[in-house]
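Visitor: Using the sequences and the accompanying hints, generate a full structural model.
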Amino acid sequence: MTLPMEMLMYTCPKCKICTANLHPGETEYLKLCPAYTRYGWFAYAGGGKCYLAQGIREGVLEIDEDLADIVYHCTLCKTCVQQCATDQDPTEIARMVRREVVKALGGPPGDAKIVVKSTLNYRNPYQQPKAMRFRWAKGLGIKDATKEKVDTLYYVGCTAAMIPERTHFALNTVKLLDAAGENFGTLGQKEICCGSTTYNLGVEDAFKEVAGENIEMLNELGVERVLTSCAGCYSVMKNEYPRVARRNFDVVHVTEYLAQLLDEGRLKPSKALDLKVTYHDPCHLGRYSELYDAPRRILEAIPGVELVEMPRSREKSWCCGAGAGVKTAFPDFAAWVGGERVKEAAETGAAALVSACPFCEGNLTDVVAATEAGLDVYDVTDLLVRSLDP
Amino acid sequence: MRVLESPLDSKLAERATAELLEALGEEKVTTRRAILFTYSGTALPLPKTMPDVVVRPKTVEDVQVVLRIADRLVVPVTPISSGTLEPSVFPRAGGIVLDMYGMDEIVEINTDAAYAVIEPGVGIGKFVRAIRPHGFRATLGSYPPGNSVLGNYHLKGHGSHRASGIDSEVLGLEVVLPDGTIVRTGSKAFEDRYPGIGWHAQWGPLPDLRGIFLNACGTLGIITKMAARIYALNDVQALPVMGFDSYGDAVEFMKVVSRANLVEHCVTWHWGLYTIMNILASGGNVEDSSDYLKIFMTEPWEHPGDRPYCLTLNIMTGYEDDVDTHTRLLEKVAKGLGGRPMNDELVERFPGTWDYFKTHGIDHEPCTHFMKGFGLGYGFMHILYAEPKDVVPLERFGLEFIWNRGLQYGTTYYSHCLDQGRSIFLRLTPFVDPVDEAEHEKALSIYHDYIEEGMKRYGASTIRYDGIVNYVDRAGGFGELLKRIKKAIDPNNILNPGLKMYEGGW
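Line order of the protein sequences matches chains A and B.
Under this note's numbering, the very last position in the first sequence is 390; numbers go up by exactly one each time.
Under this note's numbering, the very last position in the second sequence is 896; numbers go up by exactly one each time.
Be aware that one or more of the hints could be misleading.
[Stated by the list, open to error] Footprint (simulated), chain A over chain B, 3 or more residues, beta carbon under 8 Å:
#1 420-426
#2 483-493
#3 509-518
#4 524-538
#5 645-658
#6 743-756
None of these hints come from the bench; they were simulated from the model.
The beta-carbon is built from N, C-alpha and C at its ideal position, and this holds for glycine as well.
Guide: What follows is the structure, encoded as structure tokens:
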């Protein structure tokens, strides 16, 4: 096996800075790595992944189900990259090891295989027929961007389009864009998965297949701006698509665009909500894309909303637990990670935990329901819509 | 890197594992090969050995359970805390690795008596954040902030914040012996009979046994708690830096000012090291820097011309008036020795270096600035202590010795003034490509030759026991006593036997 990052994987000094906020100037010690915090063995930490890669490279470790179990018990939340002081990229090394696992074992562990198969067969990870993709929009009269020219293409994403409990993301976005008088449309049933899940699962061929298809379709339509609800779609389109093919469109997250519409006065929230909230930074918006302020600016613009921060926020945000195939392959671990987040949110005294990603919202909602934490879970757009309603 | 399989009989390993699993459960005991591999050695590029099982104790009772099983079955036990850069904690004999990083409680912060009691898994970053709100700081070394405080202090890590008259940060220890006996040292030895007693005194009415566990690398007992000195954050923090054109002048300066009680601690940095730090801490890429090339193309004992040969950092805290007066006196002493104050010049010309010095010496924060340098590979621990008259020629000898042996990268150093200049610590730092095994072999050979020559020619003493050179047999009666102590405490030789501290090389 030839590993392209072999120099880097040997520079980890096992200092465990990848697991907590230990940089100069920090005032409070916070555990940040979900897998290391939960399991405690160094192999689960970001630095540990570098050592696993060394072991594989040197032929000491075989790629087997057990090694896969460790490497896939990681949400790829990128906190290790954020913290590492040696310019190490343990998340990319973990992804690289995942790709080797896929080659050696024929796919990711457990039910994550189904996600890959579904993405390839149905062009969504949920084994849903194509016809389901646009059902949420029935009767809304949304423009078909494949047939008429629009300024903004709203790329809904599989979760907001196909999971009934998450379609409010799409419905809110449409309402808000309408309210702002935006000329927008969607791809309707022609929309396909962005490839984020296959990318993070290490199934590179599948990722390149769907990413390439998306890039070609969107380039051909000549759209300038693609708006996404999902942090995963946003991150993979923005950060990973350019290495697959030339991308001729900008990728913008809904919160970025809504913050801009608020600044321009095209949206005017007026109804006070009287709600104390805390905001959860999705990893793919925050650490992957450095988008921290826009969601907060929206919340701050809503009358009656008081935003209180959790100790682990922004660059130091604790993951929701759902990402990178963890919720599918290891639901108990996903629930534990989400549970830690919900506890932290509840400790702020907020009545609601707000985020900006349907995937995060899904896991956090499940955890709240299971633990009776007494918190409501919202998307940023839920609150903005309520504030605009007469 | 060479990775050896465990030499332990596999049936014995299986039996030990079964008993450990039954006693402690799967959460704390694992034989998963991928996990074992990450405990097969430290981050140093030295040969590794797979352990048979890793245990992650959470309590002192867990440690007792492990040691009783291991002692009965005669299975090696190697304790590791952070497992970063020390050569002393490789499980060369296989068996059990105790991952002590899971015991991570700060048990007590005693602001009245100025000490804190911590477990082995408390990293220095966590520690300083816990004591700062109480108005205290800790002794810091230039090691990553996740590193175990206990691991460092126990190995006599020479942090940059000690009061110069104090030779150890350790007030007391709690140690578990192979038969499960719990030992507490100093005043705390009497806890069972006098439950109110604290850790404040390192000696009681009996001999001071604390020392036999320090620098013993887990060969005489497993340390489960440490009472460490902490220091008040006084009104003012200051860090006057003086530049000198020779190491000899800097050593003389450190000796004078520490004996006059003008500083809490002083340390000298060679021009190569402070220049590298400027590049690293400024966010630069060392390999693109002309300064970087200069460091590795210039013979390190040569004066760099456009900057002082070395800088001496003087850590001071106290009342403002005292600090001001002491700073003026430092400048006077420095000028008398041909040196000069460097703070303004540092800020202007070497802002990265100054940022590192300030973070470390004024903010009392563990630093990460230097960690990008790990991309060059790790510095081996070429540490020697020598008396002031000997350390000056040793510095020149060491720089020439390493340079002439032809390592790919250059060599630089820092040097602490210890115990008011009774002993001067000199750590040379050659860097080694992390994936070049031939270079590692060469570096290791240079390392041992240098230590041997330093001891022979300059009356120097080393500190790190690395399992390669047999110091016990060179230590005369002391070595004999140590062997007897080892036999009495650990008759089955289960505690870190892979280090072979008592038996010669490996």
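Visitor: Are three or more residues of the segment 483-493 of chain B within 8 Å, CB to CB, of chain A?
Guide: holds (count 3)
Visitor: Are there at least three residues in the segment 524-538 of chain B whose beta carbon sits under 8 Å from a beta carbon of chain A?
Guide: holds (count 5)
Visitor: Taking 8 Å as the C-beta cutoff, is the stated coverage of the segment 743-756 of chain B by chain A satisfied by three or more residues?
Guide: Satisfied; 4 residues make the cut.
Visitor: Per the coverage rule (Cβ-Cβ under 8 Å, at least three residues), is the segment 420-426 of chain B covered by chain A?
Guide: It holds: at least three residues are needed, and the segment 420-426 of chain B offers 5 whose Cβ sits within less than 8 Å of chain A.
Visitor: Taking beta carbons only, do three or more residues of the segment 645-658 of chain B come closer than 8 Å to chain A?
Guide: violated (count 0)
Visitor: According to a criterion of three or more residues whose C-beta lies within less than 8 Å of a C-beta of chain A, is the segment 509-518 of chain B covered?
Guide: holds (count 3)
Comparing the model with each earlier hint shows a violation of hint 5 alone; every other hint is respected.
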